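A.B. asks: Let's have the full structure, built from the sequences with the hints guiding it.
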Amino acid sequence: MILVVAAVAEELGDLPGRTVGIGPVVAAANAATLLAELRPTAVVLVGTAGAYAGGPAIGTACVARRVGLADGAAAMGLGYVPRPPAPVPCDTRLLARTELRRCDVLNTGGVTTDPLLAERLSDGWQVEHMEAFGVAQAAAAAGVPFTAILGIANVVGPDAHVQWLTHRNQAQDAARDAARALLQGEQLVPPGTGPTRR
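Under the working numbering, read the sequence shown as residues 1 to 198, first letter to last.
Among these hints, one or two may not hold up.
[Claimed, not checked] Between beta-carbon pairs, the in silico distance windows are:
id : residue 1 : residue 2 : range
1  : Ala57     : Pro84     : 25 to 31 Å
2  : Gly77     : Asp14     : 43 to 49 Å
3  : Ile22     : Pro158    : 18 to 24 Å
4  : Gly124    : Pro82     : 19 to 25 Å
5  : Pro89     : Ala29     : 21 to 27 Å
Hints are computed from structural coordinates only; laboratory data are not their basis. Owing to the predicted nature of the structure, the values given are computational and were not obtained by experimental measurement. Backbone N, C-alpha and C define an ideal beta-carbon position, used for all residues, glycine too.
C.D. replies: Below is the structure:
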């Protein structure tokens, strides 16, 4: 069975799935718990995201080809990350099930609003998201195929939040529609509220 996850219930909408919370650390921990409890055959993350310059247009959906993790301080030359984790490639079989634009997704700890930081982060990446790397890492550690389908709600930069508020419903709809197409005919893990707490 395929497990569908999203940061929050609003992004799942009527898709059967589970929530993993907001941010890379929370998402990683909750995804790992869900994977251990449910033992799915694959994981598909659905959500909204921002596009770097040259990335997908607002209101469209894309599929993650690989997912990386960035640190803003390191990107600005204000610090460094010892042994940064390598990007996680997404599952080629899942990618082959959709004709969506394939994008490289960078996970950040927050929404980037500074233009210079956005420019530096965008080198080699088309999309910014906050949970994809955490879920991808948990799936990779469990040996479970993973990809993410993301609806674009904003351009990364100073207007990101206002654009996200304006376009999030359109972006969520685009991501869910694309996910339904990819998941058609597959058995899905039944909906729930997230990991079981013991």
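A.B. asks: Now tell me, hint by hint, if it's right for this structure.
C.D. replies: Hints, verified against the model:
1. Ala57 to Pro84: 25 to 31 Å: holds, 30 Å
2. Gly77 to Asp14: 43 to 49 Å: Cβ of Gly77 to Cβ of Asp14: about 45 Å, so the range 43 to 49 Å holds.
3. Ile22 to Pro158: 18 to 24 Å: holds, 21 Å
4. Gly124 to Pro82: 19 to 25 Å: holds, 21 Å
5. Pro89 to Ala29: 21 to 27 Å: About 22 Å separates the Cβ atoms of Pro89 and Ala29, which means 21 to 27 Å holds.
The earlier numbered hints are all upheld by this structure, with none contradicted.
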